[in-house]
Amino acid sequence: GNSVTQMEGPVTLSEEAFLTINCTYTATGYPSLFWYVQYPGEGLQLLLKATKADDKGSNKGFEATYRKETTSFHLEKGSVQVSDSAVYFCALILSGGYQKVTFGTGTKLQVIP
Amino acid sequence: DVKVTQSSRYLVKRTGEKVFLECVQDMDHENMFWYRQDPGLGLRLIYFSYDVKMKEKGDIPEGYSVSREKKERFSLILESASTNQTSMYLCASRRGENQPQHFGDGTRLSIL
Numbered sequence: 387g388n389s390v391t392q393m394e395g396p397v398t399l400s401e402e403a404f405l406t407i408n409c410t411y412t413a414t415g416y417p418s419l420f421w422y423v424q425y426p427g428e429g430l431q432l433l434l435k436a437t438k439a440d441d442k443g444s445n446k447g448f449e450a451t452y453r454k455e456t457t458s459f460h461l462e463k464g465s466v467q468v469s470d471s472a473v474y475f476c477a478l479i480l481s482g483g484y485q486k487v488t489f490g491t492g493t494k495l496q497v498i499p
Numbered sequence: 005d006v007k008v009t010q011s012s013r014y015l016v017k018r019t020g021e022k023v024f025l026e027c028v029q030d031m032d033h034e035n036m037f038w039y040r041q042d043p044g045l046g047l048r049l050i051y052f053s054y055d056v057k058m059k060e061k062g063d064i065p066e067g068y069s070v071s072r073e074k075k076e077r078f079s080l081i082l083e084s085a086s087t088n089q090t091s092m093y094l095c096a097s098r099r100g101e102n103q104p105q106h107f108g109d110g111t112r113l114s115i116l
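Listed in order, the protein sequences are those of chains A and B. Just remember that the numbering used here sits 386 ahead of the position in the first sequence, which is counted from 1. Just remember that the numbering used here sits 4 ahead of the position in the second sequence, which is counted from 1.
The hints are simulated quantities; they were obtained by calculation from the structure and are not laboratory data.
Using 30 Å as the maximum straight-line C-alpha spacing, the simulated DSSO-like pairs for lysine-lysine come out as follows: (1) B:LYS22 with A:LYS486; (2) B:LYS7 with B:LYS22; (3) B:LYS57 with A:LYS486; (4) B:LYS61 with A:LYS494; (5) B:LYS61 with A:LYS438; (6) B:LYS74 with B:LYS59; (7) B:LYS59 with A:LYS486; (8) B:LYS74 with A:LYS486; (9) A:LYS446 with B:LYS7; (10) B:LYS7 with A:LYS438; (11) B:LYS17 with B:LYS74; (12) B:LYS7 with B:LYS57; (13) A:LYS494 with B:LYS7; (14) A:LYS438 with A:LYS463; (15) A:LYS486 with B:LYS7; (16) A:LYS463 with A:LYS446; (17) B:LYS7 with A:LYS442; (18) A:LYS486 with B:LYS75; (19) B:LYS7 with A:LYS463; (20) B:LYS17 with B:LYS61; (21) B:LYS61 with A:LYS486.
If you want the ones that stay clear, here's a sample from chain B, every Cβ over 12 Å from chain A, calculated: (22) LYS17; (23) GLY20; (24) LYS22; (25) PHE24; (26) ASP32; (27) TYR68; (28) SER69; (29) ARG77; (30) SER79; (31) LEU82; (32) GLU83; (33) SER86; (34) THR87; (35) THR90; (36) ILE115; (37) LEU116.
Ideal Cβ placement from N, Cα and C applies to all residues, glycine included.
Use the sequences and the hints to build the structure in full.
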């Protein structure tokens with residue numbers, strides 16, 4: 387079946403540090419890949435997406451590149467802020483069928499001043 | 005912007021009660037979803053609907069049912085609430101194929 391594996395959290399960084407959150411996937415076809423962010427007390431919001439190999443999604447200083455050869459979609463940001471503290475979810479959708487979304491378990495990021 | 009509205013942010017019910025969680029979206033989306041979110045388990049799909057009056061079981065449908073009588077509204081029903089259904093419930097909608105989901109703010113449900 388399809389699956390998404392994220393690095394265990396929590397991740398604690400100082401402000402302005404470089405962020406990487408790892409995400410790898412297993413899928414039977416060619417998925418679209420997403421990163422969602424969940425701020426405290428809120429639902430999930432789409433952060434960025436990529437729909438085919440070598441695509442780079444970017445938003446709010448975050449980036450992720452769809453790597454088919456390593457089945458990865460790692461999230462990066464060059465300089466994190468306290469306001470980036472949240473839970474980050476990697477997810478995939480496969481074309482066809484009912485297109486159920488497969489989510490990772492989430493990685494909590496805490497940025498300290 | 006798409007707005008997905010869940011009727012309650014917090015809800016406390018008793019074991020054995022029938023519980024209704026309501027979700028409304030305002031963008032004429034075809035697909036709607038119900039998830040529960042638990043620490044260490046991420047999001048698990050309970051049910052989804054790809055059209056009015058259509059529904060499909062997700063990964064953990066036991067103890068739940070759903071209703072979609074109108075396109076904009078998707079209801080989750082706990083037929084006889086139990087303590088292991090204490091959780092955060094998230095509703096989402098999606099326009100169509102390969103599109104991202106838009107989430108509500110969630111309902112934190114406690115079953116006593």
